[in-house]
Amino acid sequence: MTHSSFLQDELKISEQIDGDRVILTLFGALSVTTVPYFRQAVQPYLERNLAVIVLDFEGVTKIVSRGVGAAIDMAVQAKKQGGKLRLENVGKYGRSLYIQGVHLVADVPELEGFEP
Amino acid sequence: MTHSSFLQDELKISEQIDGDRVILTLFGALSVTTVPYFRQAVQPYLERNLAVIVLDFEGVTKIVSRGVGAAIDMAVQAKKQGGKLRLENVGKYGRSLYIQGVHLVADVPELEGFEP
Amino acid sequence: MSDKSLKLQISIPPVEGIEDVPVAAVEALASKMGFEPNRVQDIVQALTEACVNAILYSTSEMDVEVVVTAMHNGLILEVCDRGSGFDPDSIKPPDFKLISEVGVKNGGFGLHMIRELVDKVEIESSERGTVVRMSTFLPDSTLSNSAPNSTLPAHPSDSSSLMPQP
Amino acid sequence: MSDKSLKLQISIPPVEGIEDVPVAAVEALASKMGFEPNRVQDIVQALTEACVNAILYSTSEMDVEVVVTAMHNGLILEVCDRGSGFDPDSIKPPDFKLISEVGVKNGGFGLHMIRELVDKVEIESSERGTVVRMSTFLPDSTLSNSAPNSTLPAHPSDSSSLMPQP
Ligand SMILES: Nc1ncnc2c1ncn2[C@@H]1O[C@H](COP(=O)(O)OP(=O)(O)O)[C@@H](O)[C@H]1O
Ligand SMILES: Nc1ncnc2c1ncn2[C@@H]1O[C@H](COP(=O)(O)OP(=O)(O)O)[C@@H](O)[C@H]1O
Numbered sequence: 006m007t008h009s010s011f012l013q014d015e016l017k018i019s020e021q022i023d024g025d026r027v028i029l030t031l032f033g034a035l036s037v038t039t040v041p042y043f044r045q046a047v048q049p050y051l052e053r054n055l056a057v058i059v060l061d062f063e064g065v066t067k068i069v070s071r072g073v074g075a076a077i078d079m080a081v082q083a084k085k086q087g088g089k090l091r092l093e094n095v096g097k098y099g100r101s102l103y104i105q106g107v108h109l110v111a112d113v114p115e116l117e118g119f120e121p
Numbered sequence: 006m007t008h009s010s011f012l013q014d015e016l017k018i019s020e021q022i023d024g025d026r027v028i029l030t031l032f033g034a035l036s037v038t039t040v041p042y043f044r045q046a047v048q049p050y051l052e053r054n055l056a057v058i059v060l061d062f063e064g065v066t067k068i069v070s071r072g073v074g075a076a077i078d079m080a081v082q083a084k085k086q087g088g089k090l091r092l093e094n095v096g097k098y099g100r101s102l103y104i105q106g107v108h109l110v111a112d113v114p115e116l117e118g119f120e121p
Numbered sequence: 122m123s124d125k126s127l128k129l130q131i132s133i134p135p136v137e138g139i140e141d142v143p144v145a146a147v148e149a150l151a152s153k154m155g156f157e158p159n160r161v162q163d164i165v166q167a168l169t170e171a172c173v174n175a176i177l178y179s180t181s182e183m184d185v186e187v188v189v190t191a192m193h194n195g196l197i198l199e200v201c202d203r204g205s206g207f208d209p210d211s212i213k214p215p216d217f218k219l220i221s222e223v224g225v226k227n228g229g230f231g232l233h234m235i236r237e238l239v240d241k242v243e244i245e246s247s248e249r250g251t252v253v254r255m256s257t258f259l260p261d262s263t264l265s266n267s268a269p270n271s272t273l274p275a276h277p278s279d280s281s282s283l284m285p286q287p
Numbered sequence: 122m123s124d125k126s127l128k129l130q131i132s133i134p135p136v137e138g139i140e141d142v143p144v145a146a147v148e149a150l151a152s153k154m155g156f157e158p159n160r161v162q163d164i165v166q167a168l169t170e171a172c173v174n175a176i177l178y179s180t181s182e183m184d185v186e187v188v189v190t191a192m193h194n195g196l197i198l199e200v201c202d203r204g205s206g207f208d209p210d211s212i213k214p215p216d217f218k219l220i221s222e223v224g225v226k227n228g229g230f231g232l233h234m235i236r237e238l239v240d241k242v243e244i245e246s247s248e249r250g251t252v253v254r255m256s257t258f259l260p261d262s263t264l265s266n267s268a269p270n271s272t273l274p275a276h277p278s279d280s281s282s283l284m285p286q287p
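Residue numbers (this note's numbering), protein chains in the order written: chain A, 6 to 121; chain B, 6 to 121; chain C, 122 to 287; chain D, 122 to 287.
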């Protein structure tokens, strides 16, 4: 595998704090290249012991399994600390999230017709 | 060139008559394969000597130059009969239409920054 | 008008992020073939995972090939790399109980996703490279709509004879 | 991280309507490279016209090849067919005065469109086939944003040395 300067996936995260709740809205690709930034950007919120961390997927343009894996790790960590991770606006990515079992550890919108 | 049963371009046209005006809304591809249908479907309206024939491009998913050529022919015919052809909702196809000179024979929304 | 299958081929260098290009191509093709949006997304996601693996585990600059066979009753995608291969049988499905307790840490979901998302997966791998072959079939109703006189097999289970040979 | 150009290749059979597949691929690539939506649409439209011609004038079942070179400062698309070729110099630009009076009747706009839509067009044609090479360059501002230390030429007029040889 090589890197290229002009085909990089990009991920931007905007924050909106509301009491003991934070909404993190993702824009761009949740891919192999952006996962390290994703983990690093969310970690401080996990460490603050917030009641709810919302990941808003409205602006997500691509998901790879390792990106979903990172969200699972975040949900497990939040749960251990008595908080929770919630995914919103997952849209067409719902099936991929359920297949990876995100719904077992995080709040995810119900998915019609999903048979695990 | 060969044909395939499962990659055909499709074009649907819906009609809305309003006095001596008709709005024809196009859905699908204005491509080499659909141009004959496009010409054939619009011809009866041209023959009715309507004051205005509107082609609404809102639902157009692809344009090729021969499709635009057909619209030019329609505009020329309408003009000869004292009517006119108007194109609406041309969206991202505006530049292609202007490059082919559609604005010389039909009413087309103004295009910012077009230098003929 | 022919029902013959069509073969397309897309070669990409093993570069991070470039999988978007064949994925967009296949998305357009699958939609045009009449797959439902949900099914198109399944195909897109499976192809993304397979391409990401092919790129990630490429050990040279040799191209990754995506071979696409569009058939009257479905779509076969082959993702071929020249990496050093792996033993597909050694990859166990994820242990969701364990994951719920300790998390994921290091990937391991890609092949599971692919298997869940498409109708049929075949993997051939050796030290000269890997081919992941993913087949997705159109539902019968779509077939009879678009070609009422078709004599091609419509059931996935009937279709193995349509598979291209590696 | 490398500035090296990337080469992708898409082979399609000469079948009506299949141009949507390479077009979707190139649309995704051009967007990702940082072309503005208008410019992406210009590239999409030019590639559509070139592919339609390649398919239309193919005289055998041999594949049409779309060779894509993504460079730091732009995109080169080559559409190659095995048709019987033509003399590009014999194709005159459309006579808009005449068209306004009598209409179009039989096409003849494709090459004109291509020439207007992209920055540079080169056509090589013989009885063995045709290559239409279309180059589109990124504006300087995009370049300096994404790679401030770039030493690649940014002006279209400087870039002929970056062209792949046929
Ligand atoms: N194309 C490939 N070439 C070589 N090894 C592969 C390939 N695809 C998958 N593998 C192997 O299979 C393992 C599981 O793959 P996967 O389920 O996609 O998860 P991940 O890639 O996230 O580890 C990988 O860790 C890798 O060792
Ligand atoms: N790839 C090609 N192979 C052979 N002839 C071509 C090719 N592209 C264009 N031509 C020739 O050039 C002419 C003009 O092409 P174009 O401007 O695209 O208009 P149209 O295809 O609608 O006639 C065509 O009529 C054809 O004779």
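Everything labelled a hint here was simulated from the structure, so no lab data went into it.
Be aware that one or more of the hints could be misleading.
Keeping only pairs whose Cα atoms sit at most 25 Å apart, straight-line, the calculated BS3-like set for lysine-lysine is [to be verified]:
(1) C:K213 to C:K128
(2) D:K125 to D:K218
(3) B:K89 to D:K226
(4) D:K241 to B:K97
Hint check results:
1. C:K213 to C:K128: With Cα atoms ~32 Å apart, K213 of chain C and K128 of chain C exceed 25 Å; violated.
2. D:K125 to D:K218: violated (46 Å)
3. B:K89 to D:K226: holds (18 Å)
4. D:K241 to B:K97: holds (21 Å)
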